[in-house]
Structures are given as structure tokens and as C-alpha cells.
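Asker: Sequence:
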Amino acid sequence: MRPKRCFIFFTQTCSLLTTRMCHAFDPMCVRHKHTPSNIGTKKSGVGLRLRACKASGKYQGEVEGLGPSLQHRAKRPTAPVCSAVPLESSRNSADAPLRLTPREKVSFLCPSCGGTLVSSEAASHLKCDSGHVIDVAKEGHVHLLPPVRKSKAGASTDVDDIVRASRLFFEHGGFDEQINGVAQEVVRAVCDFPRKKGERPQVLFAGCGEGVYMRRTQKLLEAAEVRRVQLWGTDASKLAVRYAARRQPLARFAVASSHRLPFADGSFDVVCASFSPSSWDEFCRVLRPGGAVITARAGFEHLLQLRHAAGAADTAPRPPKEFSSGLAENYLRFRTEKVIFSGEVKAGLLGMSPFVRNAQDDVRQHLYNMSEIVCSVDVICTTHRVWLGTARGRFEM
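Using my numbering, you'd call the opening residue of the sequence shown number 96 and step up by one each time.
EDC-like mimics (lysine to aspartate or glutamate), calculated; alpha carbons at most 16 Å apart, straight line:
hint : residue 1 : residue 2
1    : Lys433    : Asp271
2    : Lys433    : Asp473
3    : Lys200    : Asp360
4    : Lys200    : Glu294
5    : Lys333    : Asp256
6    : Lys314    : Glu272
7    : Lys433    : Glu396
8    : Lys314    : Asp271
9    : Lys433    : Glu272
10   : Lys333    : Glu234
11   : Lys433    : Glu467
12   : Lys333    : Asp230
13   : Lys333    : Asp255
14   : Lys333    : Asp253
FYI, nobody ran anything at the bench for these hints, they're computed from the structure. The structure presented is a predicted model; accordingly, all values stated were derived computationally and were not measured.
Using the sequences and the accompanying hints, generate a full structural model.
Answerer: As C-alpha cells, this is what we get:
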């Protein structure tokens with residue numbers, strides 16, 4: 096075979112293999128003709144390699160220099176999770192390499208205009224460039240929920256009762272093994288995140304409740320001598336945030352919705368949501384490339400005996416949107432077959448369980464009169480490493 100024909104054959108073979116790889120990573124673009132191009136830079140031994148499909152504008156990310164467990168590829172979301180701009184020397188080139196802009200200081204955003212909130216000299220309020228002022232509570236948290244219509248009468252009271260019952264339950268050691276397992280996974284994700292030397296890790300607990308997962312994470316970080324980690328917590332309940340801020344003054348808290356987080360794009364290294372509403376797109380928006388989303392939810396056997404006793408056997412935890420252990424960086428299950436709840440722990444468990452609160456009066460009274468309750472505890476924790484985007488619709492939450 097002549098050299099010219101050999102070269103043409105080799106070029107066509109490489110093009111075919113590249114197209115099939117791109118189809119495997121991006122099945123939504125099977126109708127397009129792919130023209131892959133590698134763009135990226137390497138820095139400090141860890142490089143971010145992107146493969147672009149010019150027809151669809153989607154990117155596939157891959158990190159070099161990390162272990163196989165961190166090699167997670169995903170699609171790019173509608174809203175970018177970080178700034179990616181061409182280099183100055185080749186800004187006019189169509190195939191200009193990209194560089195990720197460094198993260199600026201993490202701050203709360205104004206709920207009215209979206210501007211950065213800066214602390215005043217007296218530290219009694221936060222203020223944005225537009226002149227909006229947010230007061231800081233004596234516990235140290237701020238209220239950043241946008242103005243909405245008033246909720247139904249009694250709804251706020253029910254939420255506060257659940258928060259008080261949760262605090263009682265966790266203060267007396269409820270779900271201790273499961274809380275410790277989730278906190279250990281957060282610490283692992285923080286330690287595995289590739290960052291520059293001297294950069295301060297930022298961890299967000301969305302739907303933090305009264306802060307038990309945050310306090311346990313802080314304790315484990317100190318035990319592992321992982322210092323300078325800044326913890327942030329948000330929750331829609333004012334009472335829950337007040338309890339959490341009072342117990343953990345070094346962390347920063349805000350009353351805010353998990354579906355509208357008051358932070359800029361690409362702010363956090365790790366986002367954790369435990370038994371709380373989760374917005375995948377919003378989590379990935381505030382996540383840095385290479386960051387981790389950690390979710391903890393009820394398994395199928397969680398409080399199974401209690402659900403049957405309350406006449407709520409049909410309220411089993413919903414299945415995941417799509418089984419994703421193959422996509423998750425880590426998939427953990429913390430299950431204890433037989434746990435005895437009595438005294439204050441039992442009272443707190445009954446008070447914070449929705450299926451018990453919604454049970455009939457005689458059934459609920461019977462549960463409260465029982466000296467102890469024996470049931471299983473089943474918590475599933477998944478960690479998803481996100482590289483410049485999300486696996487939309489293919490995750491377990």
C-alpha cells in the first residue's frame with residue numbers, strides 16, 4: 096500500500112473511532128456529524144481535557160492525574176457552572192483553548208437584585224451595590240428568601256414542631272451511625288478535591304435543618320486535621336437555621352431555598368443534601384468543576400416497621416429517578432436491622448416522622464404510649480463528581 100493511501104486509511108480510522116466515542120458519551124447527538132476537537136490546559140499536574148461536539152455545542156470533561164474513581168464524564172447543563180473563556184493570545188480563534196477563571200471570594204447574593212452582599216463595618220448587616228440592606232440576626236444568620244405570598248395558616252407551626260422534634264431526636268443520639276457515615280463521606284470528598292495550595296475549601300449543606308450533619312462534619316474535619324474548611328448552611332425554616340447558627344458560630348447560615356441558592360456560579364467544592372429537597376441543576380450551578388454532590392436519602396427499609404405500625408405501608412421511600420451506581424463516584428448504604436428507640440429519642444422520632452403525624456388519632460396515640468419502638472434504619476448516600484456539567488436525568492436523589 097502506498098504511503099499516501101496508508102495515511103488516508105489511518106486518518107479515516109481515527110475519525111471513525113473518535114466519532115463512536117463521542118456518540119457513546121453523548122447519545123443525544125447521534126444525528127449530528129461530530130467534529131471533535133480537544134481543548135484544554137494542564138496545570139499543577141492536574142489537567143482538564145474537554146471534548147467538544149461542534150454541532151451540538153456540548154462538552155465532555157475528563158480529568159487527568161486523578162484515580163479511576165474520579166474519572167466521571169457528564170453533559171454540560173443549561174446554566175454554566177463556571178467561567179470558561181479563551182486565552183488572550185487566541186481570543187479570535189474558533190478553536191482557542193479554554194481556561195477556567197479562578198474562584199472569587201464566596202459571598203451571599205442579594206435576593207432582590209442578585210448582587211454580592213458585603214458585610215458592614217459593624218457586622219450588623221449586609222449590603223449590596225444597589226443599596227439593599229440585609230440585617231444579620233444575633234445568632235449570625237441572614238434571611239434571604241425572596242418575598243412570597245403568605246403560606247396557609249398552621250403550615251409554619253407544623254414545620255416548627257418538626258424542627259423541634261428533630262432537634263430532640265438528634266441531641267439524644269438518633270441515627271448516630273448514619274450521620275457519622277454521611278459526614279465521613281463529606282470529609283473524603285473534601286480531601287479528594289483537587290485545589291491549589293492554600294485555597295480554602297468551601298462546603299455547602301443545602302437543607303441543613305438544625306445542623307446535625309454540619310456539626311458532625313466539622314468534628315471529623317478537626318479530628319483529621321483538615322483545617323480552614325468553610326461550612327455554609329441553608330434551609331427554608333427560620334427556626335432550623337436559628338438552632339444551627341447558635342450551635343455552630345464559625346459556619347455561615349442563611350434562610351434560603353435549595354431551589355434558589357443565594358450564591359454565585361462555581362462557588363463550592365462540595366454540596367451536601369441530607370433528607371431535604373434537592374435541585375440537581377441548582378446544585379451543579381453553584382458547584383466548581385470537579386466538585387461533588389452528596390445526597391443522603393431513605394432506603395427502602397428505612398423505618399419499615401414504624402411505617403406499618405402507623406398504617407402507612409404504602410408510603411415507602413420513592414425509588415430513585417434512575418439507578419445510577421455506575422455514574423456515582425461512591426455509593427454507600429448505612430443499614431441497621433434492629434434499632435431500639437425509647438424515651439426522648441422515641442418522642443423525637445414520632446414527632447418528626449410525617450407518616451406518624453398524618454396517622455389517625457388513635458394510631459398516633461398508641462405509638463406514643465408504647466414504651467419502645469424497634470425498627471430498621473436504612474440510609475443511602477451517593478456521591479457524584481461533576482466535571483463541567485451534569486448527567487441530567489441520570490442521577491439518584
